[in-house]
Amino acid sequence: MSELCDIRGVSVLYRGQPIPALKEIEFSIAAGERLAIIGESGSGKSTLARVLAGLLPPGTKVSGEICWPGGRPLPGRDLGFVFQDPSSSLNPVLTVGEQVAEGARRHLGLSWKQAEARAREMLEKVRMPQPEKTLKAFPHQLSGGQRQRVAIAAALAAKPGILIADEATSALDMVVQADIVSLLDDLVRDARMTLIFVTHDIALASGFADRVAIFRDGRLVETGSTTAVLASPGETYTKTLLASHRDLTTRPLIEDAVG
Amino acid sequence: MTLLEIRNLSKHFASGGRNVAALTDIFLTLEPGETLGLAGASGSGKSTLARILMRLLPADRGSIRFRGEDWLALSGAGLRRRRAGMQMVFQDVLGAFNPRATVASVLDDPLRIHGVVPKAERRGEVAALLDRVGLPTSYADRSIREISGGQRQRIAIARAIATRPSLIVLDEAVSALDVSIRGKILELLVELQRERGIAYLFVSHDLAVLRAVSHRIAVMDAGQLVEAGTARQMIENPQSPTARALIAAVPRLMTGPPQGHKHEF
Numbered sequence: 000m001s002e003l004c005d006i007r008g009v010s011v012l013y014r015g016q017p018i019p020a021l022k023e024i025e026f027s028i029a030a031g032e033r034l035a036i037i038g039e040s041g042s043g044k045s046t047l048a049r050v051l052a053g054l055l056p057p058g059t060k061v062s063g064e065i066c067w068p069g070g071r072p073l074p075g076r077d078l079g080f081v082f083q084d085p086s087s088s089l090n091p092v093l094t095v096g097e098q099v100a101e102g103a104r105r106h107l108g109l110s111w112k113q114a115e116a117r118a119r120e121m122l123e124k125v126r127m128p129q130p131e132k133t134l135k136a137f138p139h140q141l142s143g144g145q146r147q148r149v150a151i152a153a154a155l156a157a158k159p160g161i162l163i164a165d166e167a168t169s170a171l172d173m174v175v176q177a178d179i180v181s182l183l184d185d186l187v188r189d190a191r192m193t194l195i196f197v198t199h200d201i202a203l204a205s206g207f208a209d210r211v212a213i214f215r216d217g218r219l220v221e222t223g224s225t226t227a228v229l230a231s232p233g234e235t236y237t238k239t240l241l242a243s244h245r246d247l248t249t250r251p252l253i254e255d256a257v258g
Numbered sequence: 000m001t002l003l004e005i006r007n008l009s010k011h012f013a014s015g016g017r018n019v020a021a022l023t024d025i026f027l028t029l030e031p032g033e034t035l036g037l038a039g040a041s042g043s044g045k046s047t048l049a050r051i052l053m054r055l056l057p058a059d060r061g062s063i064r065f066r067g068e069d070w071l072a073l074s075g076a077g078l079r080r081r082r083a084g085m086q087m088v089f090q091d092v093l094g095a096f097n098p099r100a101t102v103a104s105v106l107d108d109p110l111r112i113h114g115v116v117p118k119a120e121r122r123g124e125v126a127a128l129l130d131r132v133g134l135p136t137s138y139a140d141r142s143i144r145e146i147s148g149g150q151r152q153r154i155a156i157a158r159a160i161a162t163r164p165s166l167i168v169l170d171e172a173v174s175a176l177d178v179s180i181r182g183k184i185l186e187l188l189v190e191l192q193r194e195r196g197i198a199y200l201f202v203s204h205d206l207a208v209l210r211a212v213s214h215r216i217a218v219m220d221a222g223q224l225v226e227a228g229t230a231r232q233m234i235e236n237p238q239s240p241t242a243r244a245l246i247a248a249v250p251r252l253m254t255g256p257p258q259g260h261k262h263e264f
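Going line by line, the protein sequences match chains E and V. Residues 0 to 258 in numbering that gives the first Met the number 0 are what the first sequence spells out, letter by letter. Residues 0 to 264 in numbering that gives the first Met the number 0 are what the second sequence spells out, letter by letter.
What the hints contain is simulated information worked out from the structure, not anything from laboratory work. Values in this document were obtained by computation on a predicted structure and should not be read as measured data. There's no promise every hint is true.
Said to hold, decoys possible - Facing chain V, a subset of chain E residues (Cβ under 7 Å, in silico): (1) D172; (2) V174; (3) A177; (4) S205; (5) G206; (6) A230; (7) I253.
Where a beta carbon is used, it is the ideal one built from N, C-alpha and C, also for glycine.
Throw the hints in and build the complete structure from the sequences for me.
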């Protein structure tokens with residue numbers, strides 16, 4: 000795989016904050032890989048997603064450099080971004096059709112009519128029930144999971160090569176989360192996109208990421224293939240994260256009821 | 000004696016001119032010192048049930064008996080007095096507090112309002128509560144905004160146990176916490192239950208969390224109770240499609256190579 004971007008000694012300090020959110024980050028991302036950025040609150044994982052997408056607020060100090068051998072991606076055209084909360088990333092006064100069509104019209108040079116057809120196609124791709132009807136709906140008329148499907152459709156409408164999903168499923172319930180993750184996995188695979196999936200949930204990432212990068216307190220703790228890091232984590236913190244994971248096979252904290 | 004008995008509980012909401020059933024004929028019981036996990040997806044009605052139980056919403060039909068009394072018939076001073084027996088811990092840790100409050104005032108309020116201990120002993124009781132939930136007593140003077148999310152959830156638990164309740168409703172109480180903190184909060188809840196015989200109604204969409212602490216699990220879907228049983232039975236041998244979907248949705252650590260196109264859902 001060729002290199003998509005090389006992050007060289009990047010530090011990020013938000014305005015008014017005493018401590019950098021990211022400290023001297025060094026690593027590179029390969030084109031076409033599915034990378035999971037994993038960390039708890041305050042780890043800097045979202046800051047990394049934002050610095051890559053050029054979405055940091057004005058007044059933020061960034062040092063070091065990010066090199067893009069194929070040219071810096073233009074947000075919206077080359078890089079799609081899905082946020083945690085679709086209620087705040089979608090425009091409440093535009094219909095679903097208008098916001099999905101907007102990116103396609105602007106970046107693919109389509110007419111409104113063609114862009115609307117593209118929006119319908121995208122809503123089908125994200126497995127939206129009743130895509131035709133949804134085109135005319137407003138975000139508040141949809142459930143949280145449906146809004147996130149719309150946000151994904153909008154992010155992918157202009158056929159970007161990179162998709163960054165920042166905790167895109169953590170506000171959803173688990174059944175919807177599983178659906179959305181499998182949807183993202185399929186879409187990215189079909190289009191051979193690079194996926195940067197930011198999450199606090201190492202188990203969720205382990206199901207589909209090629210590589211994981213573990214962050215803590217603004218630093219990169221370790222990175223490696225998902226298989227290697229899960230089988231033999233090199234760092235104590237990664238071991239702690241893995242040990243904190245709880246699923247249905249984990250021993251309960253109480254004695255089971257008799258019967 | 001059964002601590003809580005919910006019978007035939009129903010609730011409708013009017014939405015856009017339609018009448019939407021939020022709860023239909025719910026039957027549930029809870030024994031003292033027991034944890035009942037209430038599982039379901041968003042919109043399944045589990046939070047509506049919790050709110051009716053807390054008397055934050057009226058029910059349309061049905062009855063709730065709590066500690067042998069008709070809980071829905073209580074009002075005014077009688078209800079206020081008995082609220083000490085049933086407390087709640089919410090998901091949104093910061094939203095559940097007055098942001099200008101100090102830790103001491105958050106814990107002192109229920110002690111004062113419910114007259115749990117004589118005035119002279121309240122300071123000592125606040126310190127004892129902090130100690131019990133694993134926080135230094137020096138935290139009493141801090142602002143609720145200055146402490147971390149996990150610490151705030153410990154304060155929410157301390158506030159809930161302050162009135163010496165026999166039931167605490169936990170509404171997604173650990174969902175917003177980091178995984179490393181989540182386990183410690185669950186352990187604290189289990190310890191408190193052992194020590195004080197508190198019953199929990201634990202509402203969550205995360206079956207892994209419910210499996211950790213629940214004796215029994217009830218599954219809700221579209222306002223109906225679709226399945227209930229011991230936690231082990233429910234997980235090992237789910238009967239309803241809803242329970243099977245909830246089980247399949249729990250992420251597992253995949254230590255082998257990625258499974259490829261289809262997940263084992």
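Results of checking the hints against the structure:
1. D172: Holds - the Cβ of E/D172 comes within 7 Å of chain V, reaching about 4 Å at its closest.
2. V174: Interface hint status for E/V174: holds (5 Å vs cutoff 7 Å).
3. A177: holds, 4 Å
4. S205: Holds, because the Cβ-Cβ distance from E/S205 to chain V comes to roughly 4 Å (cut-off 7 Å).
5. G206: Holds, about 5 Å.
6. A230: Result: holds, 6 Å to nearest chain V Cβ.
7. I253: holds, 6 Å
Against the hints set out earlier in the document, no violation occurs for any number.
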